[in-house]
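**Q** Sequence:
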Amino acid sequence: MKKKYMPALALVVTGVLLLGTSVAFASQVLREVSYHKITIAKVSGKIEEEYEEGIHYPGSTVKKVVDIRNDGDFDMIPRVQVRKYFDNKSLNPDLIEIDFNSQHWLYDDGWYYYKGVLAPGEKTAEPLFEQFHVSGTANNIYAGAIGHIQIDMECIQAAGNGISFWGKTMEELDIQWDVQQAQTESASVVFQNFDEGFVFLPEDTDLFINFKNLMPGENRSQNIHVENRFQKETEIFLCAEMAEQDENQCDLIEKLIREYCSIVVSDSNGNTIYAGPIYGNLESTAEAPETMIMKQSIGKLLKGEGTDLSISLTVSPDLDNNYQNLTGRINWVWIAESDDEVTAPNLGISSHNHTAMYFSLAGIIICGAALIIGIKKLGKRREGER
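According to mature numbering (1 follows the signal peptide of the UniProt record, and there is no 0), the stretch in the sequence shown is residues -26 to -1, 1 to 360, in order.
Treat the hints as calculated values from the structure; they're not laboratory data. It should be emphasised that the depicted structure is a prediction, and the values quoted were computed from it without experimental measurement. Incorrect hints may have been included.
[Said to hold, decoys possible] Pair ranges (Cβ atoms, derived):
hint: 1; residue 1: 222; residue 2: 97; range: 27 to 37 Å
hint: 2; residue 1: 245; residue 2: 177; range: 23 to 33 Å
hint: 3; residue 1: 171; residue 2: 100; range: 58 to 68 Å
The C-beta atom is built at its ideal place from N, Cα and C for all residues, glycine as well.
Let's have the full structure, built from the sequences with the hints guiding it.
**A** As structure tokens, then:
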């Protein structure tokens, strides 16, 4: 009779062994998010004037000094428009004559362009003008007339060939300027183990160190070193997820990260992991490298091994002043996978919750024993019925 129970017993034991064997080849998985920001720079300048008010008569000279100062944080080029008028609209503003500085300023298409680059805090080498007078040809109607000179100023960043936005070149304005290359810093992602997870540098997890204070038309790069310190070979994956943006400027930010800023992410072998809008093109149904919605392998790393990711960012030259001081947020997801060293059933329990695994395995063995006992009782009952 005992032989009758052997198939059932073998079935239970085989099931338990197969379950144990399958878990031995399962993977431990850990997932963490790094939170990044890109910021757009603000270029700023101000008009500085010295003006002696008084009654103007034909032939009289009036002191009015007009300079431009860079009160922002980045190198910039200014241009100025000058509008002349009298309070009495019937008077001819052309009779207000200005002695413009042609050595440091170039007049073209209604604007006076400064022939130089102003560093933060710097003032124009020489004023646009220092005085004006009412023409001596003016008749007595102009005696005591109140005239005005209105100054309007625009400035643009020197970096990223910003002057092309005005349809100009540095050569046209006779500007000699050494392009200041943005300093680059490397970031790092280190996988410690499945208990401690990833360690990011900088600690705030913002790996886009070099993507701050961006200018229209700029190209920037960022290197990210990825390293495995876990005792076993571990495969590292990367993907992206949607990030919450500032509700007050949501429309502009969405355009910034979807239309005006794009990146190319490459591995250490030069293979493209992703190329597209900086947010990851997460609604796309295309496959990598056109989207970051699906995880992409960076590589399998033994303990102590590392690899590098290269990120190239391009800002559209069409980005206008509405985007100054804007901040966009980008979330990346880092995933580590490695063979599980614990032989235990995978019942949806965390792979590094070993206590729960042991209880689960014990539960399966108890259930198996109960099944065998039940089969024995069923067999005895059938024998009794005979």
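**Q** Each hint needs a verdict: does it hold in this structure or not?
**A** Right, here's what the structure says about each hint:
A hinted range of 27 to 37 Å for the beta carbons of residue 222 and residue 97 is consistent with their spacing of about 35 Å. At about 29 Å, the CB distance of residue 245 to residue 177 agrees with the hint of 23 to 33 Å. In this structure, residue 171 and residue 100 meet the distance hint of 58 to 68 Å, their C-beta atoms being roughly 60 Å apart.
Consistency note: the structure conflicts with none of the earlier hints.
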